[in-house]
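Undergrad: Read off the chains here:
Protein chains: 2
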Amino acid sequence: MPLNRIINDPDDVAAEALAGIVAAHPDLVITTPHARVFRAVQPVTNRVGIVTGGGSGHEPAFIGFVGPGLVDAVATGEVFASPTARAFEAAFKAADGGRGVACLYGNYAGDNMNVKMAVKLAERDGLTVKTVVANDDAASAPKDQIGKRRGVAGEVLMWKAGAALAAEGADLDAVIGVAQKAIDSTRSVGIGLSACTIPAAGKPNFTIEPGMMEVGIGHHGEPGVAVMPVKPAREMAALMLDTILPDLPFGRGEDVAVLLSGLGATPVMELYILYTHVAEILAAHGLTIRHRFVGNYFTSLEMMGASITLTRLDGELDRLIGKPARSIGLTVPGA
Amino acid sequence: MPLNRIINDPDDVAAEALAGIVAAHPDLVITTPHARVFRAVQPVTNRVGIVTGGGSGHEPAFIGFVGPGLVDAVATGEVFASPTARAFEAAFKAADGGRGVACLYGNYAGDNMNVKMAVKLAERDGLTVKTVVANDDAASAPKDQIGKRRGVAGEVLMWKAGAALAAEGADLDAVIGVAQKAIDSTRSVGIGLSACTIPAAGKPNFTIEPGMMEVGIGHHGEPGVAVMPVKPAREMAALMLDTILPDLPFGRGEDVAVLLSGLGATPVMELYILYTHVAEILAAHGLTIRHRFVGNYFTSLEMMGASITLTRLDGELDRLIGKPARSIGLTVPGA
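Same order as they appear, the protein sequences are chains A and B.
First residue of the first sequence? That's 17 in my numbering, and the numbers climb one at a time after it.
First residue of the second sequence? That's 17 in my numbering, and the numbers climb one at a time after it.
Chain A with its partners taken away, still in its complex shape:
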């Protein structure tokens, strides 16, 4: 088990962190009859409901994005483990306002399996659920195998866009369409500077040697595309953007949203040093940053490092990302 942690029993960290979040934010997120499902305070009424879900250890994701203008209900799992099908089903019901539910989640085997099962269970009860599977991690598979790519911090902007359109009263197909467009327009890449340990496992299931960094690392320590000595921040930014800019590709004159997330144990100060270089490189590339988010949005326990997410914006995505929202993880003024 990692030293220097603020935990009790290593088997209880997910449940205890979730309980703490609910205790700390009673104005944003409340419990439901299902112990691992949480919902926004305001119930969904006569609009499409937004659901997501995933394993714990990525805080504030996923529960921290529940709130006005964002996610309506969330299914949570143990550390780095998918929520159950029953949990997803319960989240669908908790987000049902009579006009269907959009389940916007990440491309992991367990989540795919359990969401599919949950959709069937919900449909038996007369609830319509449609899904978008995020696959924004550009380093996780070649572009011609885009369906194999994992979902990472780009999910935040997918939720934001889908939820903002749902709030405007759009129907389920339109909400699904805009969430799909958001994630199709998004690329992310991570860089790991230290490993992390699932508390209940007691030791890391991967290693990053001191002084080394891993480009393209996944949110659970999945292998990246290159391991090399730690570079200065400006070279890290260049390496990361070299992965994602040509992949979509992002072209001169386009508008983008940038989300730069710490992986858990990297200080806030360093995220802003990295941001400076991201902004410089994007400007040199002829891109205009319309929305910027820097902080801990999608973490991996105590991993050091950061991820960069870029979303290409058309007028609709630009408008939806700028709409008011309020949650633990992301607040856009006005809500």
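Watch out, some of these pointers could steer you wrong.
Identical chains blur together in the list; that is why a pair holds if it fits in one copy or across any two.
[What the hints assert, rightly or not] Dumping the calculated SDA-like pairs for lysine to any residue here, alpha-carbon to alpha-carbon at most 25 Å:
1) Lys247 <-> Val38
2) Lys132 <-> Leu188
3) Lys219 <-> Pro265
4) Lys247 <-> Pro220
5) Lys247 <-> Glu270
6) Lys339 <-> Val57
7) Lys247 <-> Asp43
8) Lys247 <-> Asn24
9) Lys219 <-> Glu251
10) Lys247 <-> Ala35
11) Lys164 <-> Ala35
12) Lys247 <-> Asp25
13) Lys339 <-> Pro349
14) Lys219 <-> Met244
15) Lys247 <-> Gly218
16) Lys247 <-> Ala216
17) Lys219 <-> Asn20
18) Lys339 <-> Ile46
19) Lys136 <-> Gly126
20) Lys219 <-> Ala254
21) Lys339 <-> Ala190
22) Lys219 <-> Glu238
23) Lys247 <-> Ala39
24) Lys219 <-> Pro248
25) Lys247 <-> Pro26
26) Lys159 <-> Gly218
Hints are computed from structural coordinates only; laboratory data are not their basis.
Starting from the known structure of chain A, arrange chain B on it as the hints suggest.
TA: Just chain B now, with coordinates in the frame of chain A:
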């Protein structure tokens, strides 16, 4: 120098982080003619201005609390080093809206000296500046030497209260009075789980052995009151609250605000585990939590650990802390 950092030249981290913050939040904080002074976008007009300042390495403090309903201008220093007197003076001028300036800062030798000098410089130019010196760190000196105590994360709630009263149009003496009341009603304590390294120094100026924790540690690694093996989160919470509850003291039936801050490298998940126990103990102590803030508010580079801050609330402080504010570090909805 610590490995696994996202930095360039170790001598440039403060300047580069500040530049990144300004680049990432043009809606909140802008530059001034003084390179180390930053101010809110909206100039101060016909009300008291709120200024703070301090060393870098505590991000989002101090610059991250500039914004509507919070700090108007901030003087920043190198990592863990006081801003200069000229920087404080420039911050006073940047926050001058014709009704005087309240400088609300922490009790450190360099800050005390430079603020005093800056106040004299500003007064020569006809600007009235009054000060409140935060000394909320209960572990930093005995209660009968309260003037020797350091200011830590309690400063955030002092700024919040003073700024909210200034926004209502109160005069300088009233703003100073409420900021003094806020800090006099506040106690904080930190617990360190790992050391931190000033990048330009290249090695830690203190040590916390793996598996050990230091109760009462300061925000620059100043020695605490006890070093012991790492305890479960619930015992950490009890130890920390045993330090601050009897010190004010906080009595049954009182209302409090809680601010729980990570020290930089402790994951968000663990802060919420700690919060659960803080809430339990405060409830058992007969205290009602009226405002709660959990996150990275006042950090110490890549130190692992957390601080707990409690403020006893009368009706006025309760009202002022609940008023809208918007900044990188703290947002209260409505602004």
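Undergrad: Quick check: which numbered hints come out false for this structure?
TA: 3, 5, 7, 11, 20 and 26
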